[in-house]
Amino acid sequence: RSCHVLLVCACAAGIADDWTVVTNADDTEGAACTSTSCVLVGTVSDVDACRKACETLDKCVVFSFNHNSHHCYSNTNPVWKPLPNDHVDSGCKTAAVPGCGAPAPPPQPPGPPAPSPPPPGLHYDGVIRSDPDGSMVAYMIPPYKSNHASTLEQLPDGSLVAAWFSGEKEEASGCAIVFAKLPAGSSTWSSAATLAERDDFSNQNPVLFYDNSTSILHLFHSQAPAESGESESQIWHLQSSDAGATWTKSEPFFTAAGDFPRNRIIRRKDGTILFPYYSQAVGHPNWSVMGISMTDAVGSNTSWKAYVVDKSSDLVQPSVVRTTGGLAVFFRDRNAKNIYRATSVNEGVSWTTPKATPLPNNNAGIEAYTLHDGRIVIAFNPQTSGRDPLAVALSADSGLTWPQQRNVQHGLSRTSGGDGAGNEFSYPTILQDRNGTIHMMYTYLRETIKYKSFNPEWISSTHGEK
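Residue numbers for the sequence shown follow this note's numbering, so the first one is 1 and each next one is one higher.
Among the clues, some could well be false.
Stated by the list, open to error - So the derived label-pair ranges between C-beta atoms look like this:
#1 S241 x D373: 32 to 38 Å
#2 S460 x S116: 32 to 38 Å
#3 N363 x G325: 24 to 30 Å
What the hints assert, rightly or not - Pairs of lysine-lysine residues, derived as DSS-like cross-links and limited to a Cα-Cα distance of at most 25 Å, are as follows:
#4 K269 x K305
#5 K93 x K59
#6 K81 x K59
#7 K249 x K145
#8 K52 x K81
#9 K311 x K337
#10 K337 x K305
#11 K337 x K355
#12 K355 x K311
#13 K249 x K169
#14 K81 x K93
#15 K145 x K169
Simulated from the structure, these hints should not be mistaken for lab results. All C-beta atoms, glycine included, are put in the ideal place defined by N, C-alpha and C.
All chains, please: the whole structure from these sequences, using the hints.
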């Protein structure tokens, strides 16, 4: 039977096929009528007989007939709440029931997954507060349930901007790129705005880049079919010309299958742009790639050349920094042994053979940054398994040695403690502002993104964690 409404003049009632309006009709619908207004009239031959039975009952205004059991139900409650059912027809007295015979409202799609509540004593409100370890911290307002892989950038007025991916979980359909801002002079991060979201696809690993030559804030991110891993990913792009207030629509940029971004974009000495990313395409080992623009602006995807980093198999998510001798790059190790390092004297076109540094790696994200004094700071998990603790380290010799190191997070407390079992503090992003303060963000239990700021001396402080 098709779903339609008939007006039965003898009863002045509308009859709707394939709908049930009486609570708990019977059979596959559940138990017999339990509400005081609902009555099982009995077994009848057809829906018309059920309608006539309703006419004879005191105050009956709605009825339902089950074609499988031939049970007829009546109800004195004048509310029309139809539910789809392929073997139940219902009717009502049009004069007594508002909306009698009207179609049921279409089911509403489920809303985004709700964020998790913060652990006791913490506030996921974006407010920056002093921490007992001497740093300043804030926990972002999580837009959705799972939050991961943040990126930080500073604007010319001193504002900080951040982006990360948020959704039901990593790789889930509709996983979105979200964006928050800390205006210059403010002590509160904004709520996160959703910038890029697509059903049946997952957006991940955003990278922010402010182009001083054009005053445009760029945002790159991965996009892949949901639950497909990284081999089908492309790199997409959107931009803002008003410091993040409004954005263009996200569009494909690097369209080779398997391309995936993660870490900071930098300028080359000639003014062109170096975009480090990696490729997980089917048919070759996962390796790192250096995208180099042919102009001093981001431009279109046709104005770039891609250079595969030689001998970078299983070394991904490259983080490039400038040193006194040229460029250095640090890699995540898919084999979970060490952070690897290589150098370039031609601004990223070619690189030395990557070699292991003294720093361990757990096959998780890292990021390095060159400080004003020439030292390099790197954020990483200082172990080969698990994602707790999370640490920072300093190098004064272009990343060869790292004599100063301090845990940023260990256990659920804001200072230290806990065995780290099951905790996740990962995928850090780090930069130093014009005033010398180091700003850092990282994944906090996948529940939110945590912000932390400190000066370089905090890392080598004698009372800090080693």
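Which numbered hints turn out to be false for this structure?
-> Going through the list in order, the structure violates hint 10 alone and respects the others.
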